[in-house]
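Q: Sequence:
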Amino acid sequence: PFQHLEKSAVLQEARVFNETPINPRKCAHILTKILYLINQGEHLGTTEATEAFFAMTKLFQSNDPTLRRMCYLTIKEMSCIAEDVIIVTSRQVSEQSGAAPGSIDRHQRARLGAGVCPGPSSGALAQLTLPLPSRVTASPLALCPQYHALGLLYHVRKNDRLAVSKMISKFTRHGLKSPFAYCMMIRVAGKQLEEEDGSRDSPLFDFIESCLRNKHEMVVYEAASAIVNLPGCSAKELAPAVSVLQLFCSSPKAALRYAAVRTLNKVAMKHPSAVTACNLDLENLVTDSNRSIATLAITTLLKTGSESSIDRLMKQISSFMSEISDEFKVVVVQAISALCQKYPRKHAVLMNFLFTMLREEGGFEYKRAIVDCIISIIEENAESKETGLSHLCEFIEDCEFTVLATRILHLLGQEGPKTNNPSKYIRFIYNRVVLEHEEVRAGAVSALAKFGAQNEEMLPSILVLLKRCVMDDDNEVRDRATFYLNVLEQKQKALNAGYILNGLTVSIPGLERALQQYTLEPSEKPFDLKSVPLATTPTAEQRTETAPIAAVKQPEKVAATRQEIFQEQLAAVPEFQGLGPLFKSSPEAVALTESETEYVIRCTKHTFTEHMVFQFDCTNTLNDQTLENVTVQMEPTEAYEVLCCVPARSLPYNQPGTCYTLAVALPKEDLDPMCCMMKFTVKDCDPTTGETDEEGYEDEYVLEDLEVTVADHIQKVMKVNFEAAWDEVGDEFEKEETFTLSTIKTLEEAVGNIVKFLGMHPCERSDRVPENKNTHALLLAGRAEECVGAPPVTYLEMSSRELVPIAIDRASSDSQSGETPRSTTPLTTRAPSPAARCCCLGCTWRR
Numbered sequence: 009p010f011q012h013l014e015k016s017a018v019l020q021e022a023r024v025f026n027e028t029p030i031n032p033r034k035c036a037h038i039l040t041k042i043l044y045l046i047n048q049g050e051h052l053g054t055t056e057a058t059e060a061f062f063a064m065t066k067l068f069q070s071n072d073p074t075l076r077r078m079c080y081l082t083i084k085e086m087s088c089i090a091e092d093v094i095i096v097t098s099r100q101v102s103e104q105s106g107a108a109p110g111s112i113d114r115h116q117r118a119r120l121g122a123g124v125c126p127g128p129s130s131g132a133l134a135q136l137t138l139p140l141p142s143r144v145t146a147s148p149l150a151l152c153p154q155y156h157a158l159g160l161l162y163h164v165r166k167n168d169r170l171a172v173s174k175m176i177s178k179f180t181r182h183g184l185k186s187p188f189a190y191c192m193m194i195r196v197a198g199k200q201l202e203e204e205d206g207s208r209d210s211p212l213f214d215f216i217e218s219c220l221r222n223k224h225e226m227v228v229y230e231a232a233s234a235i236v237n238l239p240g241c242s243a244k245e246l247a248p249a250v251s252v253l254q255l256f257c258s259s260p261k262a263a264l265r266y267a268a269v270r271t272l273n274k275v276a277m278k279h280p281s282a283v284t285a286c287n288l289d290l291e292n293l294v295t296d297s298n299r300s301i302a303t304l305a306i307t308t309l310l311k312t313g314s315e316s317s318i319d320r321l322m323k324q325i326s327s328f329m330s331e332i333s334d335e336f337k338v339v340v341v342q343a344i345s346a347l348c349q350k351y352p353r354k355h356a357v358l359m360n361f362l363f364t365m366l367r368e369e370g371g372f373e374y375k376r377a378i379v380d381c382i383i384s385i386i387e388e389n390a391e392s393k394e395t396g397l398s399h400l401c402e403f404i405e406d407c408e409f410t411v412l413a414t415r416i417l418h419l420l421g422q423e424g425p426k427t428n429n430p431s432k433y434i435r436f437i438y439n440r441v442v443l444e445h446e447e448v449r450a451g452a453v454s455a456l457a458k459f460g461a462q463n464e465e466m467l468p469s470i471l472v473l474l475k476r477c478v479m480d481d482d483n484e485v486r487d488r489a490t491f492y493l494n495v496l497e498q499k500q501k502a503l504n505a506g507y508i509l510n511g512l513t514v515s516i517p518g519l520e521r522a523l524q525q526y527t528l529e530p531s532e533k534p535f536d537l538k539s540v541p542l543a544t545t546p547t548a549e550q551r552t553e554t555a556p557i558a559a560v561k562q563p564e565k566v567a568a569t570r571q572e573i574f575q576e577q578l579a580a581v582p583e584f585q586g587l588g589p590l591f592k593s594s595p596e597a598v599a600l601t602e603s604e605t606e607y608v609i610r611c612t613k614h615t616f617t618e619h620m621v622f623q624f625d626c627t628n629t630l631n632d633q634t635l636e637n638v639t640v641q642m643e644p645t646e647a648y649e650v651l652c653c654v655p656a657r658s659l660p661y662n663q664p665g666t667c668y669t670l671a672v673a674l675p676k677e678d679l680d681p682m683c684c685m686m687k688f689t690v691k692d693c694d695p696t697t698g699e700t701d702e703e704g705y706e707d708e709y710v711l712e713d714l715e716v717t718v719a720d721h722i723q724k725v726m727k728v729n730f731e732a733a734w735d736e737v738g739d740e741f742e743k744e745e746t747f748t749l750s751t752i753k754t755l756e757e758a759v760g761n762i763v764k765f766l767g768m769h770p771c772e773r774s775d776r777v778p779e780n781k782n783t784h785a786l787l788l789a790g791r792a793e794e795c796v797g798a799p800p801v802t803y804l805e806m807s808s809r810e811l812v813p814i815a816i817d818r819a820s821s822d823s824q825s826g827e828t829p830r831s832t833t834p835l836t837t838r839a840p841s842p843a844a845r846c847c848c849l850g851c852t853w854r855r
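The sequence shown runs 9 to 855 under this note's numbering.
Do not rely on the hints blindly, as some may be mistaken.
To be verified - Here are the simulated lysine-lysine pairs, BS3-like style, with alpha carbons at most 27 Å apart: (1) K533 to K499; (2) K781 to K764; (3) K84 to K185; (4) K781 to K393; (5) K753 to K781; (6) K311 to K244; (7) K501 to K432; (8) K743 to K753; (9) K174 to K199; (10) K166 to K185; (11) K432 to K393; (12) K501 to K393; (13) K764 to K354; (14) K475 to K538; (15) K354 to K432; (16) K499 to K475; (17) K426 to K354; (18) K223 to K178; (19) K274 to K244; (20) K753 to K687; (21) K350 to K84; (22) K223 to K538; (23) K274 to K178; (24) K323 to K354; (25) K350 to K41; (26) K244 to K166; (27) K244 to K278; (28) K311 to K278; (29) K432 to K499; (30) K244 to K185; (31) K753 to K426.
Hints listed in this document are in silico derivations from the structure and should not be mistaken for laboratory results.
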């Protein structure tokens, strides 16, 4: 009835408040409209609100209880908008037999003792608004509704755990009559259990479990929900709650069925085995008339179903997928994606189901969710690659979404050449050149070039197709075709790898800024790409989209990256002029003190071509001191020479400041930790006024040692095609060594530690170790600041035979002799020059 309300019309109607006699029914309806507008976010001006507010006060002349209640509700909403509202507050206080707080308290006590139900309820609720010392402390359970009384008692005692425990013990022992009170007590008991680390031997847990046998369904569900939400609950402890929820699944009430299946869905995320007993009841809910219940039942079954039940589940899902909205379909697709990771051997059945869904009608978000799921299956399961690519090829034959078409073309160019029969994908890709608009055609040209760059047999045919694309109507398509054609005709692996397969690894925003700066300051020197910072992490567009294609409009101003912000800050320091472009900043600041100490110091390491700058962010936590001329002195080592220190001029209480230390960084030997000492001048100050003494004294503060690692000299580089990058470097710079990893017990741990230590980027998802594998190849790519040309790449092969604990490795000769087996790992690196890269890596790894 209020769908098309207008504020001005409602305020005009409010003039009825001034009529005599008052029409209670009509005035209450207008007040309802005003409340509706306010709660819908309609803005009332101060003048408008004040006029309506004072017009409302005349309605207190009426004795109609409904109208007076509506007046108070509306006044409460408008009190923060209108002016001079204190007049109503004064009237309310005077109506309660006196203006003093003590009188109000007596009035509240009288309401608690009233015989009619609304009286004690309103009295208990009013008590919650009073300051804690003014609240009623006597137990009002015998006089007013238990739900409100329990709420009042809990809020009075909630800061006293012992008092709350006594209250729970008292009322659980004597029993409660109201189901609402039981629900309140269950919530209070659950909160107490969480604070006690969820001890299952507590009488509170026994009370909650006993409520599972209550005659009221509301209480039973509240108890089951409380048990499910307890942290660290085992499957055995969940069993009684799951049994109750299983009964609710067959309830004739839709609300109970929805609550049960929603809670079971939550349980299935952590304890899928505990919900397995409910699978039959959940399967019956798949055909429920309420589609929300059916969707939740399906997603729960997908989390709890066994591998043998997947075929049956897929048939059940297909029967109702056309009846639900795209929003629910996306939820189902996400559940199927999780199921693919759980049962990779069922990829064929799941892939066929996803492809069937892909051919049906649907919006962009729904189709994108399916494409994401298929791509994730392809990346996780090598056996599903060709099937998945074939399905995606058929999809782009009739795909109306440009973003999805270009993404699939990018995937075909990346994965297609590695399949057993890559030529079968060329027809689908070239069809896009013939039939689609310019953005998709450009993506198809790039995909064709990647096939030609990796397959010599197909290269002549690819060159013919690219020559046809040179005559395209669109500039982007023609330019790409011309560029790729000239590169491929050279028939050089290094060119193919650098300009087709892997592309640029620089920061695109950084490249834009560098080119703009180059045009603003004309120079005879050519633009140097080495001055552009590298992309710190691969962006989503680099991973999924065809490189320079902009499927969606880019923002006019690209936000600066963290490294670019550091570059600008350091360039503003006069002492750092001439250091050149910033190569790398450490991803995280290193803490050199504890967070609770009087001085908190964190260090960020900035690496340049021949120098390192150490940025120390300092905070003074003493309110009676001000520090001046703060510097961090670093003890010189054989590898480093400290050139200068830039002090923080002043460091007042709790105001962060920054000082710098510049060092020449030419590490030829082991990178030993450097001792750090903070030196400063202390001036005492008055904490209240902030006045500082003129005279001070010198002081110093010992910091933790600072370590410079290999990762500080290497920037991550993303290589989409690692094999091409490896071939690009060449065999002449290959170096192979074997290293001992004696403290590492698993392949996963070895991979994580090596990636962190080297600071390089894992390629082709090689940082994920497949299950039940005894060997693993880790592919890493990075660039060192000494060799700003071609980046070094690392191929690391590990075997778990030596990495497993000695007790398991019964067959090894070392275990028979009782000695700890040595873990050896062959490490092969390639770099542009052995002196620039391999020396540093070899020394560090030997240590």
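Q: Now tell me if each hint is right for this structure.
A: So, going through the hints one by one against the coordinates:
As the CA atoms of K533 and K499 are separated by approximately 30 Å, the hinted pair breaks the 27 Å bound. Distance check on the hinted pair: K781 and K764 sit about 22 Å apart at the alpha-carbon level, within 27 Å; holds. A C-alpha spacing of about 33 Å is found between K84 and K185, which places the hinted pair above 27 Å, so the restraint is violated. Distance hint between K781 and K393 is fulfilled; the C-alpha atoms sit about 20 Å from each other, no more than 27 Å.
Of the supplied pair hints, the one linking K753 and K781 holds, its CA atoms being roughly 14 Å apart against a limit of 27 Å. Straight-line distance between C-alpha atoms of K311 and K244 comes to about 19 Å, which keeps the hinted pair within the 27 Å bound. The straight-line distance between the Cα atoms of K501 and K432 is roughly 24 Å, inside the 27 Å bound, and the hint therefore holds. Restraint check: the Cα-Cα separation between K743 and K753 comes to about 26 Å, which is no more than 27 Å; the hinted pair holds.
Straight-line distance between C-alpha atoms of K174 and K199 comes to about 15 Å, which keeps the hinted pair within the 27 Å bound. A hinted pair counts as satisfied when its Cα atoms are at most 27 Å apart, and K166 with K185 qualifies at roughly 23 Å. Restraint check: the Cα-Cα separation between K432 and K393 comes to about 14 Å, which is no more than 27 Å; the hinted pair holds. For the hint pairing K501 with K393, the CA-to-CA distance comes to about 25 Å; that is within 27 Å, so the pair holds.
Straight-line distance between C-alpha atoms of K764 and K354 comes to about 34 Å, which puts the hinted pair past the 27 Å bound. Restraint check for K475 and K538: not satisfied, since their Cα atoms lie roughly 33 Å apart, outside the 27 Å limit. About 25 Å separates the Cα atoms of K354 and K432, which keeps this hinted pair within 27 Å; it holds. Only pairs whose Cα atoms come within 27 Å are accepted, and K499 paired with K475 is accepted, the gap being roughly 16 Å.
At most 27 Å may separate the alpha-carbon atoms for a hinted pair to count; K426 and K354 meet this at roughly 23 Å. With a C-alpha separation of about 21 Å, the suggested pairing of K223 with K178 holds against the 27 Å cut-off. For the hint pairing K274 with K244, the CA-to-CA distance comes to about 16 Å; that is within 27 Å, so the pair holds. A C-alpha spacing of about 43 Å is found between K753 and K687, which places the hinted pair above 27 Å, so the restraint is violated.
Only pairs whose Cα atoms come within 27 Å are accepted, and K350 paired with K84 is rejected, the gap being roughly 54 Å. Proximity of K223 to K538 is assessed by CA-CA distance (about 75 Å); at most 27 Å being required, the pair is judged violated. Only pairs whose Cα atoms come within 27 Å are accepted, and K274 paired with K178 is rejected, the gap being roughly 33 Å. Taken as a hint, the K323 and K354 pair is honoured in the structure, with Cα atoms around 14 Å apart against an allowance of 27 Å.
For a cut-off of 27 Å, the pair hint linking K350 to K41 is broken: about 54 Å separates their Cα positions. Simply put, K244 and K166 have alpha-carbon atoms about 31 Å apart, too far for the 27 Å limit, and the pair is violated. At most 27 Å may separate the alpha-carbon atoms for a hinted pair to count; K244 and K278 meet this at roughly 13 Å. Distance check on the hinted pair: K311 and K278 sit about 10 Å apart at the alpha-carbon level, within 27 Å; holds.
Restraint check for K432 and K499: satisfied, since their Cα atoms lie roughly 23 Å apart, inside the 27 Å limit. Distance hint between K244 and K185 is unfulfilled; the C-alpha atoms sit about 30 Å from each other, more than 27 Å. About 33 Å separates the Cα atoms of K753 and K426, which puts this hinted pair outside 27 Å; it is violated.
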